[in-house]
Each structure stands twice: as structure tokens, then as C-alpha cells.
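Peer 1: Chain by chain, the residues:
Number of protein chains: 2
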Amino acid sequence: MKPPSIEGIVETILYAADLPRSVAFYREVLGLEPMTGDPARFQSFKAGPRQVLLLFKQGATLEPTPVPGGVIPPHDGSGPHHIGLAVTAEDNENWRTHLSSHGIVIESETRWPRGGRSLYFRDPDDHLIELVTPGIWPNY
Amino acid sequence: MKPPSIEGIVETILYAADLPRSVAFYREVLGLEPMTGDPARFQSFKAGPRQVLLLFKQGATLEPTPVPGGVIPPHDGSGPHHIGLAVTAEDNENWRTHLSSHGIVIESETRWPRGGRSLYFRDPDDHLIELVTPGIWPNY
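From first to last, the protein sequence lines stand for chains U and Y. Sequential numbering from 80 applies to the first sequence in our numbering. Sequential numbering from 80 applies to the second sequence in our numbering.
Any copy will do: because identical chains look the same in the list, a pair fits if it lies in one copy or spans two.
Cut-off 20 Å, straight-line C-alpha distance, at most; resulting in silico cross-link-like pairs (EDC-like, lysine to aspartate or glutamate):
1. Lys-136 <-> Asp-117
2. Lys-81 <-> Asp-170
3. Lys-81 <-> Glu-112
4. Lys-136 <-> Asp-97
5. Lys-125 <-> Glu-112
6. Lys-136 <-> Asp-155
7. Lys-136 <-> Glu-112
8. Lys-125 <-> Glu-86
If you are wondering where the hints come from, they were derived from the structure by calculation, not from laboratory data. Keep in mind the model is a prediction, meaning the values are calculated, not measured.
With the sequences and hints as input, model every part of the structure.
Peer 2: Here is the structure:
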């Protein structure tokens with residue numbers, strides 16, 4: 080049987096040792112718009128038209144989480160994990176300036192064979208954040 | 080200074096203890112289309128119009144990875160991590176049938192206040208996979 084279709088990735092998750100510290104980073108440094116959250120457990124951010132970046136407090140979801148309408152099974156993680164965020168080619172240089180103004184060190188830069196460029200730096204948990212311009216994957 | 084814009088999440092990553100085992104799961108059970116890969120290090124899958132699911136072999140990226148055009152800094156992770164994949168409301172029941180035909184046990188189901196539904200199950204590394212229909216987040 081052919082599987083039904085997967086339409087996209089809705090929820091991309093990172094675990095954070097200090098939730099307020101990470102919330103500040105993703106809001107102020109990366110400019111993501113906070114949506115719903117619970118200071119003891121998680122914060123969600125709008126990360127694209129139908130995409131959510133979720134920060135969970137490390138160790139807070141090792142037990143099932145009751146929610147209205149059901150239960151979220153246990154999950155957790157430790158890093159240094161990695162995510163890649165889309166930026167326009169025009170903004171590559173603006174990001175370099177912006178990150179520098181926040182004292183963020185760019186750990187590496189790559190120029191991909193198809194023309195895309197990546198900037199790599201760390202979030203407060205040492206997660207590896209990549210800002211990617213188009214021209215790296217067959218579908219981006 | 081206002082941050083430049085983040086357009087979306089391009090790369091969502093999971094770490095796998097046994098890469099071929101996980102590649103088979105994501106291709107055959109979830110039906111994701113494999114793109115580029117390297118058996119010793121990673122496999123990429125098309126997961127949406129401009130979205131990539133990346134499986135990295137756990138422990139294989141603890142050192143910087145030289146690539147044409149630069150170097151990818153170290154990253155790694157251990158779980159049980161969590162991701163959420165978009166499916167249509169019409170396919171919720173089809174997924175239940177499909178997962179059952181592969182012997183996958185649905186660990187939990189939730190019905191969200193705004194009407195969205197989630198099915199939760201595990202991948203071969205015990206990562207928590209959620210199939211989500213629209214009506215859960217402000218932007219989905």
C-alpha cells in the first residue's frame with residue numbers, strides 16, 4: 080500500500096536548558112514571532128507560513144503531558160542539535176551584520192555548488208543554527 | 080536593529096543509530112522521497128515544497144565535516160526527539176490504516192481545541208513522530 084501523503088513539516092523542535100534565555104534569543108536575535116507557550120514547558124514560534132519552531136524545556140517532557148483532548152507521549156533530546164532556516168540571498172549580508180551587532184560569532188560559512196550560501200552559528204544551548212539561501216537542495 | 084526575515088525552516092534533523100534502518104522507515108512507512116545522501120553520514124528527504132528532513136548518523140558529525148565550498152561545524156543529538164508532520168484531515172484515517180499495515184503502534188491520539196488531530200508513534204530510534212491535521216497552531 081502506498082502511504083498517504085506528507086504535506087510538510089509543521090513542528091521542528093529544539094530542547095533548551097533555560098527556556099527564557101532561549102526564548103529571548105529566538106525572538107530578539109532571530110526575530111521569530113512567539114505564538115503560544117507555557118513557561119514551565121515550551122514556547123512556540125511562527126517560523127514560516129505553516130511551520131512552527133518549538134522550544135521545549137529540557138527534561139520537562141520526559142513524562143506524558145496531558146493536554147485538552149489527549150496526551151502527548153514522552154519526548155526529550157540533548158544536542159548540540161542542528162536546524163537550517165531559510166533566508167533570501169539578498170539578506171545574507173544583512174544577517175552577517177545583524178548577528179555581529181548581537182555579538183554572535185559566525186562559526187563557519189559555506190558556498191554550495193548550486194549557489195546557495197550558509198552561515199553557521201550557535202544558539203544558547205550550542206545548537207548549530209544555519210541560515211541558508213536558496214540553491215542547496217534539489218527542492219530549495 | 081530589526082532582524083532580517085526568516086522565510087521558513089529548510090532543514091529539520093533527526094539523528095539515527097542505524098542509518099539504513101531509518102532510511103527504510105522514512106521511505107517505506109512514511110513515503111518520503113529520498114534526495115541526496117552519503118551512507119556513512121546522512122540521508123536527505125523531500126518533506127515539503129521547500130522543506131528537507133535530514134537523518135544524520137549519530138556520532139558521525141561530532142567533528143567538522145569538510146564539504147565542497149566550506150566546512151559544516153560539529154553537531155549531534157540524542158533523543159527520543161520529536162517532530163510533527165503535516166497531513167490532511169481526510170488522510171487521518173488512511174494513516175491509521177497504513178501505519179497498522181506496517182505493524183506501527185499508535186501510542187496516542189489527540190483532538191485539539193481548534194479541530195486538528197494528532198497521531199503519535201515511534202520511529203526506529205524511538206523518536207516521537209506526530210502526524211498533524213490542520214487546526215492546531217495559529218498558523219496551521
